[in-house]
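Spelled out, the chains give:
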Amino acid sequence: MNTETTTGEYMLLFRGPHWDRGLTPDQLQQAMDKVMAWFEGRNEGGKIKSAKPLGTQGRIISGTNGRFVLDGPFAESKEAVGGYLVLHAANLNDAVEIARSMPTLSYGVSVEVRPILAECPIFQRHPDLVQRARERAVQAEQRWVAAAA
Amino acid sequence: MSTTSTAKSDYLLLFRGNVWDRGLSPAQLQKVVSDWMAWFERLKAEGKCVGGNPLEDEGKVISGKQRTVADGPFAESKEAIGGYFYLTVADEKEAIEIAKQCPGLEYGSVVEVRPVADECSIKQRAQEYSNHELAGATA
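Residue numbers (numbering that gives the first Met the number 0), protein chains in the order written: chain A, 0 to 148; chain B, 0 to 138.
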C-alpha cells in the first residue's frame, strides 16, 4: 500500500439495503434505535466526515459515450449499496473495528471498508503520465473558461 | 415542471471496475488520464461536483452476526467500486448526462448513478410504524 497517498479517511459501504425485511415493527424500532445510537457514538470527536443513505432507483451507465443506460442495481440484492459513511481513523484496522460494531450486520447487511486515496490507483500505475496529464488538464480548463466567457 | 427552478438534487456516481486500464496503449492512457482530470476539474468549477475520491483497490469486507472480516473486494474486478463523485445537479437526467461523460466508459468502466436520499427509507418506515402506534394509543 502506498501510504503517501492515503488520506486517513475510510469509506464504509453498506450493502444489502433491504435488511428490514421480515422484521416486526417492534424489532425495526429497536434496530433503528441502535443504528441511530451507533451513528451518534461514532460521530463523537468528529470522526464522521459524511454519511448518506442512497435511494433505490439507480441507473447503470456503460458503453462508449454511456450509450447503455439500464435500471440498476437491483434493490433486493445483497450486493447493492444502501448507503455509505466516510470517517477518519488511525488505520485500516481501526476503521474495520468501527465497521464491525455496526448493528445492521446482525440483520444481514455487509460492510465494505476501503481506504480513501488522494490519487487514483490507475494513475499510480502510470506516474509518468500524470504530470503531463495535469498540465493538459489545466490547459483544457483554461480553454473551457475562455470559451465560456 | 417546477417553477422554482433552483432546487438541486444530490447524486452519487460510483465508478465500477478498477482494471479497465490494463491493456491500454500509452497514448490511450495519456488521453484517459488527462480527460478524467479535466472532467473532474470542470464539474467542480461548474459547482456540479462537490467532491470525489478514488478508493484503494483492496480493503476489507465484514459480514454476518460474527462480524467476520475477509479481504475484499477482489482486486481485479469489473464490479469493484474504484471511486466516486458526489454531484449536486438539477435532476437525475443531468446526473446521467454527466455520468455519460466518464472517460473510462469507452474502455469498460461502468458508472452507477444513485440518488442520495434525504433520509434512510428504513428509518422512515420505523417512524411510520411508531406514528401509527401513537395514533392508536390516543384514539
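If you're looking for bench data, these hints aren't it; they were derived computationally from the structure. Computed from a prediction, not measured in an experiment: that's the story for all the values here. All C-beta atoms in this analysis are idealised placements derived from N, C-alpha and C, irrespective of residue type, glycine included. The reader is advised that the hints may include incorrect statements.
Unchecked claim - Chain B is nowhere near these chain A residues, computed Cβ spacing over 10 angstroms in every case:
| id | residue |
| --- | --- |
| 1 | Ala36 |
| 2 | Arg41 |
| 3 | Asn42 |
| 4 | Gly44 |
| 5 | Lys46 |
| 6 | Ile47 |
| 7 | His87 |
| 8 | Ala148 |
To be verified - Cβ-Cβ distance ranges computed for the label pairs, FRET-style:
| id | chain 1 | residue 1 | chain 2 | residue 2 | range |
| --- | --- | --- | --- | --- | --- |
| 9 | B | Lys7 | A | Asp25 | 31 to 41 angstroms |
| 10 | B | Val49 | A | Arg131 | 26 to 36 angstroms |
| 11 | B | Thr67 | A | Ala145 | 47 to 57 angstroms |
| 12 | A | Val144 | B | Glu96 | 29 to 39 angstroms |
| 13 | A | Glu96 | B | Glu132 | 33 to 43 angstroms |
| 14 | A | Gln29 | B | Arg21 | 41 to 51 angstroms |
| 15 | A | Gln130 | B | Val49 | 24 to 34 angstroms |
| 16 | B | Glu96 | A | Arg99 | 36 to 46 angstroms |
Taking each numbered hint in turn, which are not upheld by the structure, reported in ascending numerical order? Number 12 only.
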